[in-house]
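Colleague: Spelled out from the first residue to the last, the chains are:
Number of protein chains: 2
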Amino acid sequence: MKLFQVDTLATARQKLLAAMEEMGKKALPQENIPFSEAAGRILAKDFRAPEPLPAFARATVDGYAVRAVDTQGAGESLPVFLTIVDEVHIGEAAATAIGPGECAYVPTGGMLPPGADAMVMIEHSELFDATHVALYQAVAYGRDVVFPGEDVRQGDLVLPAGSRLEFGALGALAALGLTTVPVWQPLRLSIISTGDELVPAECKPNCGQIRDINTYALRALAERAGFFVVRTRVLQDEEPLLREALQEAMHDSDIIAVSGGSSQGKKDMTGRLMDEVASPGLFTHGLALKPGKPTILAKDIASGTLLVGLPGHPAAALMVFHLLLVWLWETLCGVAPQLPLTAELETNLPAAPGRLTCQPVMLIEKDGKLLARPVLGKSALITTVARADGYLIIEGEREGLPQGALVQVYRW
Amino acid sequence: MKLFQVDTLATARQKLLAAMEEMGKKALPQENIPFSEAAGRILAKDFRAPEPLPAFARATVDGYAVRAVDTQGAGESLPVFLTIVDEVHIGEAAATAIGPGECAYVPTGGMLPPGADAMVMIEHSELFDATHVALYQAVAYGRDVVFPGEDVRQGDLVLPAGSRLEFGALGALAALGLTTVPVWQPLRLSIISTGDELVPAECKPNCGQIRDINTYALRALAERAGFFVVRTRVLQDEEPLLREALQEAMHDSDIIAVSGGSSQGKKDMTGRLMDEVASPGLFTHGLALKPGKPTILAKDIASGTLLVGLPGHPAAALMVFHLLLVWLWETLCGVAPQLPLTAELETNLPAAPGRLTCQPVMLIEKDGKLLARPVLGKSALITTVARADGYLIIEGEREGLPQGALVQVYRW
Chain A
1 MKLFQVDTLA TARQKLLAAM EEMGKKALPQ ENIPFSEAAG RILAKDFRAP EPLPAFARAT
61 VDGYAVRAVD TQGAGESLPV FLTIVDEVHI GEAAATAIGP GECAYVPTGG MLPPGADAMV
121 MIEHSELFDA THVALYQAVA YGRDVVFPGE DVRQGDLVLP AGSRLEFGAL GALAALGLTT
181 VPVWQPLRLS IISTGDELVP AECKPNCGQI RDINTYALRA LAERAGFFVV RTRVLQDEEP
241 LLREALQEAM HDSDIIAVSG GSSQGKKDMT GRLMDEVASP GLFTHGLALK PGKPTILAKD
301 IASGTLLVGL PGHPAAALMV FHLLLVWLWE TLCGVAPQLP LTAELETNLP AAPGRLTCQP
361 VMLIEKDGKL LARPVLGKSA LITTVARADG YLIIEGEREG LPQGALVQVY RW
Chain B
1 MKLFQVDTLA TARQKLLAAM EEMGKKALPQ ENIPFSEAAG RILAKDFRAP EPLPAFARAT
61 VDGYAVRAVD TQGAGESLPV FLTIVDEVHI GEAAATAIGP GECAYVPTGG MLPPGADAMV
121 MIEHSELFDA THVALYQAVA YGRDVVFPGE DVRQGDLVLP AGSRLEFGAL GALAALGLTT
181 VPVWQPLRLS IISTGDELVP AECKPNCGQI RDINTYALRA LAERAGFFVV RTRVLQDEEP
241 LLREALQEAM HDSDIIAVSG GSSQGKKDMT GRLMDEVASP GLFTHGLALK PGKPTILAKD
301 IASGTLLVGL PGHPAAALMV FHLLLVWLWE TLCGVAPQLP LTAELETNLP AAPGRLTCQP
361 VMLIEKDGKL LARPVLGKSA LITTVARADG YLIIEGEREG LPQGALVQVY RW
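The listed protein sequences correspond, in order, to chains A and B.
All the letters of the first sequence, read from the start, carry residue numbers 1 to 412 under our numbering.
All the letters of the second sequence, read from the start, carry residue numbers 1 to 412 under our numbering.
Chain A extracted, bound-state conformation (with noise of 0.2 Å):
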């Protein structure tokens, strides 16, 4: 048996960028889709604002606009008196310019004439006959009014690319009639689960088998990250089955996961077939990462492919998914790194030296302060993470961390 040195998390990080590069997918593909798809997708471009928001200056109250300066010395008991040349309508151009001593009737939502620069409020008025209303209020120049351009400029940046396409941004997106809007196409993922003990979720396991978890947790977690799933497979721990299926995935995926083969011999067939399958092959032989270690990395450059062979236990596969192949998604695709929160440690917390931990953790507020209480129990348990809220992580070279140490939760 050959021995190999284990990557740090952020050396296979490294590596996994560097071979993106190096087949070309560094730089993702776009696509144009029309905005009502674009629900949770993320921009590829800058987007800035093509005209200024709003585009002319609305009222936000009802009343009378004026320019400021007229109403200069009104208050409840001495009105100011002007002209009213105008009665603007909702979505109609304002025509008629206001002069010194002149105002126009505006509703909410409408447009002010050309000089004038504040509303004063209807119930701050009283109409003297048809063309004269006694305005009750000095108001200030602006007073409101939203002018051209106070939302956004035009050529203001308005949502960077990388950004997560959510009901602020499709409205900020809608309000400037970016209609068909450039997103990153999709990563396309393979999934593969082998074991000789798995059946799929809807049999009833034998004796000595168990139900496949990883094809869909795995597949839950990347569609919701932004990838696209070609397929899931479900397979026996067998040599020509496993080459058949990777070789089948290398032809349409970008991305191909492999689960499972969590004995000795068995990770060691998941390593020599995607060595053998791919050119060059494998450039990461196990990950510094508590659960992960048993990760594998490959690359296969004529078809464009990454093989990542991750652990069989689902808390470990899960983990090791999350942080490097959402990671990958996230940073080709310019994404904003997730804030962490921080939190008090609920319980003293061990930790492998020599290599980063992950913890899972649960969120709970007592007496106003977040508290993280790490969710213990083996990686090859699936409650783990249903019940964990996300992650923190210890670094290598600390034995562990004290209760009420302040630590960083990254949701999941």
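Please keep in mind that the hints were generated in silico from the structure rather than gathered at the bench.
There's no promise every hint is true.
Copies of the same chain look alike in the list, so a pair counts if it fits in one copy or across any two.
[Said to hold, decoys possible] No more than 30 Å apart at the CA atoms, straight line, and that leaves these computed lysine-lysine pairs for DSSO-like:
hint	residue 1	residue 2
1	K293	K267
2	K290	K369
3	K25	K293
4	K204	K267
5	K45	K366
6	K369	K293
Put chain B on the given structure of chain A with help from the hints.
Modeller: Frame of chain A; chain B shown alone:
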């Protein structure tokens, strides 16, 4: 003009719940869906484990399954010799029981034979002959074994009703074979945006017009939360159009959200029409909330429809939709309330005394601290929402908060 008392947010929420109860909709209908379509849905029933997980004792390493007591005294220089009575294959039942002085080879993930209670890793063993092995390590009971029920015991509560089915939860469902999942049926929502100034996002507005934002942004917010959006409509502010639209939507919607009608006359029209088409009609005539004062609520018992008049300004409409309708949906589904994040206020923040103030904020990290930066701007602006990560709430009796105050931020 009749004067009505405005409701507090808490009162309006209680009235919404009461209205749903009155309409027989407090208990939402459930539906059973294939678990492959369940990602993001909300579980409608407590899910208790129908069987223990794992169902049998599993090895987490390659090695020899032993009775721990038989290894006592073993060490690097002094092995114990055990008789190999079986080799367990992964995925198969371990048939041969282990007696005193006996062991069986078991690969990672394989089943421990009856009688065995610990594993000795293969690294600490040496084959003596075909049926005898030397073990160089003393192991404690349970070492490198997952016992039946250690992940979940039969009958354990795996996921409570109200759980959102993310990848970890889906993994747990797969592990336990729940491939048909009881989830809440989405509330059916119609979204109507009214205003003579509105044009659809794909149109170029004339002077005085603006593109509609609310149908797009509200749809994205609603769908993310779990609503089924029956339709969205953009209408001119005309009484017959809105009346017809309300009556149409009452046939097939649980909730109708009407935004717009921002001028006083139009606001009155929306309320008047809701009171006309719905019986008993309006039950909330405004909210003591900034922004969100012009919010109105009505109900029609016969059709079982809730009618909600939202403010016309996008930031206010989205905020009120989130605070009232997303809240209502998640409360009916039994979703655990969101845990707010504690952050330090970056600047002084004024508030409206006498009513609740909801302030959009960005979350930023500075010197290891989480800061909440108010995104200031009139509620007519959409970029306020697009740039914010969430919001904080200032109680009505406070006049504002000083820089540095600890605030609770809710993400949206």
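Colleague: If a hint holds in the structure, say so; if it doesn't, say that too.
Modeller: Structure-based check of each hint:
no., hint, verdict
1, K293 / K267, "within (12 Å within a copy, 63 Å between copies)"
2, K290 / K369, "both (28 Å within a copy, 27 Å between copies)"
3, K25 / K293, "within (27 Å within a copy, 51 Å between copies)"
4, K204 / K267, "within (26 Å within a copy, 60 Å between copies)"
5, K45 / K366, "between (42 Å within a copy, 27 Å between copies)"
6, K369 / K293, "neither (34 Å within a copy, 32 Å between copies)"
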